[in-house]
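**Student:** Each chain, written out:
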Amino acid sequence: MSTFEGALAATRERVANFRTCQFTGLKVDIAAQRLIIANAVAAVVFLAVGGLMGLLVALTRWPAVHLLPAEWFYLILTAHGANVLLFWIIFFEIAVLYFASAVLLNSRIAAPKLGWLGFVLMVVGAIITNIAVLQGESTVMFTSYPPMMARPHFYLGIILFAVGALIGVGLFFATLVIARAERTYEGSIPLVTFGALTAAIIAVFTLVSGAIILIPTMLWSMGLIRDIDPLMYKLVWWAMGHSSQQINVSAHVSVWYMIGALVLGAKPLSEKVSRGAFFLYILFLQLASAHHLLAEPGISAEWKIVNTSYMMYLAVLGSMIHGLTVPGSIEAAQRRNGFNRGVFEWLRKAPWGNPAFSGMFLSLVMFGFIGGISGVVLGTEQLNVLMHNTIYVPGHFHGTVVAGTTLAFMAGTYLVLPLIFQRDIIWPGLARIQPYLFGIGAAGISMFMMGAGTLGVARRHWDINFTDAVIGFQHSPGAFLMMGLNGISAILAALGGILYVLIVVGTALFGKKIVPGHKMTFPLHSAARVVSKYGSEGTIKLPGTIVLVTIFFLSFVLYYFVNWKYLSDLWQFR
Amino acid sequence: MAITSPERRAWWNEPVERVELIWIAVALLWGLFMFFFMIAWHFIGGQNLATEAYKVTPSAYQDKVDAFAEKYQVRDEAGTPVVRPPAGVDVYLLGRLWQWWPVLELEKGQSYRLHLSSVDWQHGFSLQPTNINIQVHPGYEHVITLTPTESGEFGIICNEFCGIGHHTMTGKIIVVDSKAETK
Ligand code: HEM
Ligand SMILES: [Cu+2]
Ligand SMILES: [Cu+2]
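Heads up: the protein sequence lines correspond to chains F and D, in order. Using our numbering, the letters of the first sequence correspond one by one to residues -15 to 558. Using our numbering, the letters of the second sequence correspond one by one to residues 2 to 184.
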């Protein structure tokens, strides 16, 4: 890979400038720190823009409010998808990659100049795509299924953004190589870096798939290619679109582990198991586009079953393992911290007032219960027909990517601000409630959209009343209720989002500068300072975690069979 | 800790906790169960999406639907023909900007070979309130053997975004009791 070699070559001349973090003892390359700050700030800007668009969309879908006119609704919905799912998430992930490589490994970052080039490409690409959408001739949704066509610069912007992101990923790999060569750490890379490595490997596959499909589509839009097959497009597009969700999962699981370590002194129960679980994501990621093709014509059942299950649910197995090991490592740490009474003292006495912890734990629970379970059900070959393209689908992925990934990244920000921006959080009172506000709102939009989808409400749809349709149709009153509740939840989520943006911007600009001896408002665990050595895990029992995963498992099984029951009541088809 | 290198260099040799092993086994078995249940449903279930599909040009499909509608039309509803084919025959439904065409009248308990395609963009066949959702592509003719199990009027809405009139795209399937036939 030429970026890779270029990165290595460019890096040779630089003498890095380090500071030592007073809280963690880590050596931080100032060049890496600047890149992390830039990417995190860009991420927050796109979240602010995209999140407000989400609110507008949700208010339009609230039948009693019906805010935007149809044309604007579809336009804003297209922009919402691109700004939050692509731009917010990926900018933040690039920041996570730099943090997990350069900072956690005490290393200098490879080729920061190239990092800036990547950053500029991403910013320019994101702006171009936004302009294309706002100009109004590219209202194609961020999935841009042909034969519906956007203007060429809509695709161009996304391509530039992807190239920029790919450079960032290349820098991550190069930094790993440097750290290893310069022996900045001993033994294997930390688990969090391993998770980030998983994300980066998947990102290469994802971004390349994106280029393979979007470049011809752009040429088609310019009139240079005659035809894009809509089925083939979907297959390749989702190799980007869904595999990138595995980047998100790998990244936010890494953030969970990181927060557990920094705030509670948690360490993995078993390095082998947690790393193995990440590895499962890599093995089966390329199968991911299949569950977007379950309702399509002419695809064999065998192909669907093998692929939609990620080869017998082995990637789901990975997530279920993290679902035990993350809370398990927290329980073990809390018990060592002295909260050893009963089954749940460790959880009751957890630092619920620390937004990094509360956000992380809410994200863990909601990702599993809402996003995870609904995702498996939705991706089951036959069950898919019950909710394909209904608003159940956005319901499901607001459970994964909003309640899960976005909330985890918000929680991570409460550590990035003091450790990397070196500013203490302003407005601690508001910061304390922010994860709850956003979390409850996100859970609400996920579940109410899922509910409405179960009642047949379509996704990406302006008029639940079908006012202008020649042949009318009336949804059940329950569907209207669900969409109303969705609107109310959207307001809560938006308030949580606005608070987050205000806290980040306020802290970055006006937060108290962190000087030697500073006491953080939301302190880290004392073990963060030392390279911890705990006794054998063998003596530690985890009754609380066992109760939690048992509840999870029973909910999963129950919900799974309820949906088969629904399916068996449908008309018959074969 | 998760942010430092593993304490033991040979971390791959560490023993694994029992609770972890049990959970891995449970999750693995559950995954296998879900995998085989999808296969089993092809044998025990009445709802499996057909894989029969053909390449077709939009104009050829349009011709087939027109011929079908002309042959079996029984009346007219709001300018759209209502078509009542005899049980068991091939039935054609067309998605286009922005309607499902024509209106179909089927008999409960009878099976029909329902053909689905689009002549322009992708559309989402969404039968309501039954909630059967199938993607419709231009250029592909999807053939589904469908058996209505309840009578009444059912709406077809479109749930794939298909432009500014997407939310006006509807259609209808009327299912009549077979008793009406015999009397
Ligand atoms: C204030 C927070 C948010 C609210 C209220 C919100 C609400 C909504 C609503 C109502 C829809 C439209 C469903 C439809 O009509 O099909 C939607 C779509 C979507 N949202 Fe959000 N959302 C929020 C945040 C996010 C975030 C943070 C992400 C990603 C990380 C996200 C990703 C998406 C995507 C990918 C779509 C699908 C767009 C499409 O169908 O093309 N949303 N959102
Ligand atoms: Cu349509
Ligand atoms: Cu449509």
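Please note that a few of the clues may not be correct.
Unchecked claim - A few chain F residues facing chain D, derived, Cβ under 10 Å:
hint, residue
1, K333
2, W336
3, A453
Unchecked claim - Incomplete in silico selection of chain F near chain D, CB under 10 Å:
hint, residue
4, Y58
5, H226
6, Y241
7, Y297
8, L298
9, V300
10, N321
11, N324
12, G326
13, V327
14, L331
15, I417
16, A442
17, F557
Bear in mind the hints are in silico, worked out from the structure with no lab data behind them. Keep in mind that this is a model prediction, so the values were computed, not measured. From the three backbone atoms N, C-alpha and C, an ideal C-beta is built for every residue, glycine too.
**Student:** Is the hint on F:H226 kept, meaning its closest Cβ partner in chain D is under 10 Å away?
**Tutor:** violated (16 Å)
**Student:** Would the hint on F:G326 stand, with a C-beta cut-off of 10 Å toward chain D?
**Tutor:** Nearest chain D Cβ about 18 Å off; hint violated.
**Student:** Can the hint on F:I417 be confirmed by a CB-to-CB distance to chain D that is less than 10 Å?
**Tutor:** Violated - the Cβ of F:I417 stays beyond 10 Å from chain D, reaching only about 27 Å at its closest.
**Student:** Hint validation: F:Y241 versus chain D, beta carbon distance must be below 10 Å. Holds or violated?
**Tutor:** Interface hint status for F:Y241: holds (4 Å vs cutoff 10 Å).
**Student:** Measuring from the C-beta of F:N324 to each C-beta in chain D, is the shortest one below 10 Å?
**Tutor:** violated (17 Å)
**Student:** Against chain D, run the beta carbon of F:A442 and see if the smallest gap drops under 10 Å.
**Tutor:** Interface hint status for F:A442: holds (4 Å vs cutoff 10 Å).
**Student:** Was the hint right that F:F557 lines chain D, CB cutoff 10 Å?
**Tutor:** holds (5 Å)
**Student:** Let me know if the C-beta of F:A453 comes in closer than 10 Å to any C-beta of chain D, holds or violated.
**Tutor:** Status holds, d = 4 Å.
**Student:** Using Cβ atoms only, decide whether F:K333 comes closer than 10 Å to chain D, and label the hint accordingly.
**Tutor:** violated (20 Å)
**Student:** Against chain D, run the beta carbon of F:Y58 and see if the smallest gap drops under 10 Å.
**Tutor:** holds (7 Å)
**Student:** Should the interface hint for F:V327 be scored as holding, given a Cβ-Cβ cut-off of 10 Å against chain D?
**Tutor:** Violated: closest Cβ of chain D sits about 14 Å from F:V327, beyond 10 Å.
**Student:** With chain D as the partner, please determine if F:Y297 meets the hint condition of a C-beta pair closer than 10 Å.
**Tutor:** For F:Y297, the interface hint holds, since the closest Cβ of chain D sits about 3 Å away, which is under 10 Å.
Going down the numbered hints, you'll see the structure goes against 1, 2, 5, 10, 11, 12, 13, 14, 15, while the others check out.
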